[in-house]
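Please work from the sequences and hints to get the whole structure.
Single-letter residue listing:
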Amino acid sequence: MSWYALWGALEIGLIYGLVALGVLISFRILRFPDLTVDGSFPLGAAVAATLIVMGWNAFAATLVATIAGALAGAITGWLNVRLKIMDLLASILMMIALYSINLRIMGRPNVPLITEPTVFSVFMSDNLPDYILRPLLILALVALVKFALDWYLGTHSGLALRATGSNPRMARAQGVATGAMVLIGLALSNALCALGGALFAQSQGVADISMGIGTIVIGLAAVIVGESLTNSRRLVFMTAAAIVGAVLYRIFVALALNADFIGLHAQDLNLITAVLVTIFLVVPLLRQRIRDRKRP
Amino acid sequence: MLIAQDLHITFNAGTPIETRALRGLSLEIPTGQFVTVIGSNGAGKSTLLNAISGEVQLDRGSLRIDDVELNRMPVWDRAGMVARVFQDPLLGTCEDLTIEENLALAANRGERRGLKRALAPQLRTECAERLAKLGLGLESRLGDRIGLLSGGQRQAVSLLMAALRPSRILLLDEHTAALDPRIAAFVLDITRRIVAERQLTTLMVTHSMQQALETGDRTIMLHQGQVVLDVSGEERRRLDVPHLLKMFERVRGETVSDDALLLG
Amino acid sequence: MKWTFPSLIARIGAKSRVHQVATAVVAAVVLASVTSPPVHAQSVAVTSIVEHPALDAIKDGVKDALAEAGYTEDKGLEWQFQTAQGNTAIATQIARKYVGDKPDVIVAIATPSAQAVVAATKSIPVVYAAVTDPVGAQLVPSFEPSGTNVTGVSDSLELERQVELIKQIVPDARKVGMVYNPGEANSVSVVEQLRSLLPGMGMTLVEASAPRTVDVGAAARSLVGKVDVIYTSTDNNVVSAYESLAKVGNDARIPLIASDTASVERGAIGALGLDYYEMGRQAGRIVIRILKGENPGEIASETSDKLALHLNAVAARKQGVTLSEELRNSAAHIIE
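Protein chains in written order, with the numbering used here: chain E, 67 to 362; chain B, 19 to 282; chain V, 7 to 342.
Quick caveat, the hints were computed from the structure, so don't treat them as lab data. Being a predicted model, the structure only gives us computed values, none of them experimental. Backbone N, C-alpha and C fix where the C-beta goes; we use that ideal spot for every residue, glycine too. Be aware that one or more of the hints could be misleading.
To give an idea of the chain B side of the interface with chain E (calculated C-beta under 8 angstroms), a few residues [what the hints assert, rightly or not]:
1. GLY98
2. ARG102
3. LEU109
4. ASP114
5. LEU123
6. ALA124
7. GLY128
8. LEU133
9. ALA136
10. PRO139
11. GLN140
What follows is the structure in structure tokens.
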């Protein structure tokens with residue numbers, strides 16, 4: 067693997083780290099199975115790309131994209147809380163609707179950004195090649211987002227959010243308006259995913275309608291790989307672990323792309339990635355079992 | 019002061035499993051009074067508590083706490099006035115949160131939850147002090163996840179949480195029923211202490227007639243969704259379980275056959 | 007670095023000693039695998055967005071063209087092929103990997119892969135293939151020599167000739183129906199062009215969208231009674247599910263005209279289509295020019311000129327059309 071590919075894995079991994087944080091909030095903290103992310107990730111890309119092509123400042127476009135994601139999440143929450151639609155179903159409905167909405171926003175299925183200014187353009191310099199600069203910039207942003215999230219979850223509002231997911235009946239008895247918390251939590255989660263989508267489009271040079279497919283799977287894989295890294299339930303570590311998990315997953319893909327020396331082919335890429343992730347999760351468990359059996 | 023007037027609640031109305039849980043129940047609890055509630059299964063005890071806390075809506079009747087009409091208020095809006103300890107120790111606390119995080123939640127019961135830090139140092143000291151009074155050593159385990167505690171310990175913490183901030187009424191829903199006798203006695207003891215200390219208006223549902231007579235100032239008995247017995251003061255002090263039973267039979271013309279009620 | 011690593015892991019609460027070791031091993035493997043690429047005589051890296059008979063044919067065409075010109079793996083050619091399994095994130099990682107490997111030429115098949123590669127490098131020569139609208143996709147500024155590192159072969163079809171074919175097969179056609187995936191850039195581009203082209207030739211376009219392959223049949227059914235003929239492009243969804251389209255055409259006696267020759271066997275009356283293998287060879291010829299030293303920025307983008315007319319007389323009968331002698335004579339292949 068070249069350094070270039072490794073930096074690429076880091077860059078994409080950090081962007082998906084934002085998605086992992088979003089999935090952490092919805093799946094783990096709120097206990098809300100939210101498939102909206104398959105729609106809000108490309109929503110962020112669609113909004114940002116369309117605005118940039120229209121001439122907007124890239125930062126403003128990215129901000130609006132993030133807000134659009136929040137709105138999408140809030141609608142899913144509203145479908146669940148107000149219209150009493152089951153959580154998974156509400157998120158699927160929103161995900162389906164967003165496909166058409168995203169197409170409408172872009173006006174076509176594919177909006178290229180290769181020749182457009184992006185949030186990265188401002189920072190381009192001759193001192194550092196852009197394939198190193200971009201991941202470093204994204205790292206700074208993701209770190210900022212992580213610390214902001216950690217801070218929020220430590221506030222009264224954040225605690226109420228956690229209680230809503232952990233024990234909604236008890237939360238209500240403590241005066242938490244759980245319906246409102248669900249909306250806030252989903253808005254936050256999908257805002258992060260949309261931000262990821264906006265950055266991804268600007269990083270890879272195009273917003274494409276199909277780029278959302280499988281986002282939830284990648285997000286969950288990242289969260290789970292992250293959880294296997296640390297036993298601690300402290301939020302500060304869980305958020306870090308989710309981001310690390312996302313990066314690790316992309317590194318696994320990069321490693322898998324280099325596996326042709328074993329005689330594996332291009333078609334085997336998905337299989338190889340799955341195997342690598344599984345090994346990472348299971349080997350420590352197996353060795354522990356062997357150790358236990360050896361004990362007298 | 020809690021005033022319940024002519025409460026009617028029917029579940030599954032119009033179906034073969036229709037249940038008329040409350041049938042015109044009326045009750046007045048003056049501020050500071052500790053009332054125990056007994057009754058056989060299906061008498062309406064839990065429904066009464068759920069009606070007060072807001073988890074169940076009234077079909078007819080009115081419920082007021084200090085002139086505030088509770089009728090359409092959702093659970094979370096009433097929480098400032100109504101504190102509750104559930105029967106199931108797992109229900110009253112958030113398993114994934116630590117002891118101090120649970121207490122921090124309870125410390126803001128009924129208040130706006132903004133962006134200030136939840137685990138402020140002031141709160142931590144207050145919690146440590148209060149926990150120490152329980153005598154369970156929990157004040158040194160503030161950072162432990164509450165899921166690690168035993169049922170009795172969690173119930174004790176739930177009680178503490180309910181009393182952490184003032185309430186207009188404290189609802190205790192058979193909160194010792196799921197605990198083994200020694201722990202149950204311990205929790206009941208804490209209950210008496212805390213209620214006396216804070217002069218809390220309390221409504222305690224219990225499965226045991228003995229416990230009902232020995233705790234608090236007044237005992238009411240529910241049967242088929244109505245209050246059929248209401249004793250307090252001197253009359254109550256002179257009562258024992260067999261006498262209580264006779265009174266019930268006289269009022270209702272029926273025999274009480276619920277074993278748990280008798281043997282408790 | 008290793009003596010601080012375990013303590014760092016321990017502080018964040020990693021599970022067991024075994025797990026710490028596993029983490030350290032993974033990290034070591036990753037770092038050890040980061041090397042400079044080995045040196046070959048020439049290297050060509052090829053990527054496509056999905057595995058697809060048409061796209062695979064392009065890859066084969068490139069490889070064969072190179073072999074015939076003397077570039078084979080025995081003679082020191084390094085050849086790489088990866089597909090992105092339909093996933094844009096993987097397409098991007100493949101692009102990054104290739105750029106890091108510093109090949110002599112990258113061949114990118116289909117629009118999403120081409121965009122990922124072009125966004126990733128401004129120096130390594132890129133030859134795109136099977137991109138219908140390379141200008142709209144921002145791969146090149148125009149079909150003239152780009153002046154950048156990008157050139158290639160576009161599979162855009164001259165739509166006038168396609169419409170002529172429609173008129174030859176169904177002379178009285180007034181309403182032309184089109185089933186397509188609104189999420190595929192190439193198809194949307196064709197639809198837009200037809201919408202403006204058809205009125206000038208006395209016809210109108212009626213659209214039916216099929217966002218997923220399973221929607222193709224339903225989309226076709228929605229056109230029954232509203233159109234005189236159904237035309238389809240090289241839309242991936244339609245090509246994958248052509249049988250469901252054929253069923254509707256046969257049941258409702260609506261003539262079907264496709265854009266790729268393989269669909270003619272599957273139920274279309276006819277298609278004036280590209281041979282994707284030939285397109286691959288065409289791209290391969292551009293790759294050879296670059297390997298020999300030409301600057302990609304000086305090579306104009308090409309379209310494929312090798313069109314072949316395939317006809318299916320059986321389908322024609324089922325769908326209520328008689329094929330004229332003239333048409334039969336100009337066909338390269340007829341199914342009876």
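These are the hints, each one checked on the structure:
1. GLY98: Given a least distance of 6 angstroms, the restraint on GLY98 (chain B) holds.
2. ARG102: Since the shortest Cβ distance to chain E is 5 angstroms, the answer is holds.
3. LEU109: Holds - the Cβ of LEU109 (chain B) comes within 8 angstroms of chain E, reaching about 6 angstroms at its closest.
4. ASP114: This interface hint holds because 5 angstroms falls under the 8 angstroms limit.
5. LEU123: Since the shortest Cβ distance to chain E is 5 angstroms, the answer is holds.
6. ALA124: 6 angstroms, holds
7. GLY128: Nearest chain E Cβ about 4 angstroms off; hint holds.
8. LEU133: 5 angstroms, holds
9. ALA136: Cβ of ALA136 (chain B) sits 4 angstroms from chain E, so the hint holds.
10. PRO139: At 13 angstroms from the nearest chain E Cβ, PRO139 (chain B) fails the 8 angstroms test, so the hint is violated.
11. GLN140: With a closest approach of 14 angstroms, the GLN140 (chain B) hint is violated.
In this structure, the earlier hints numbered 10, 11 are contradicted, and the remaining ones agree with it.
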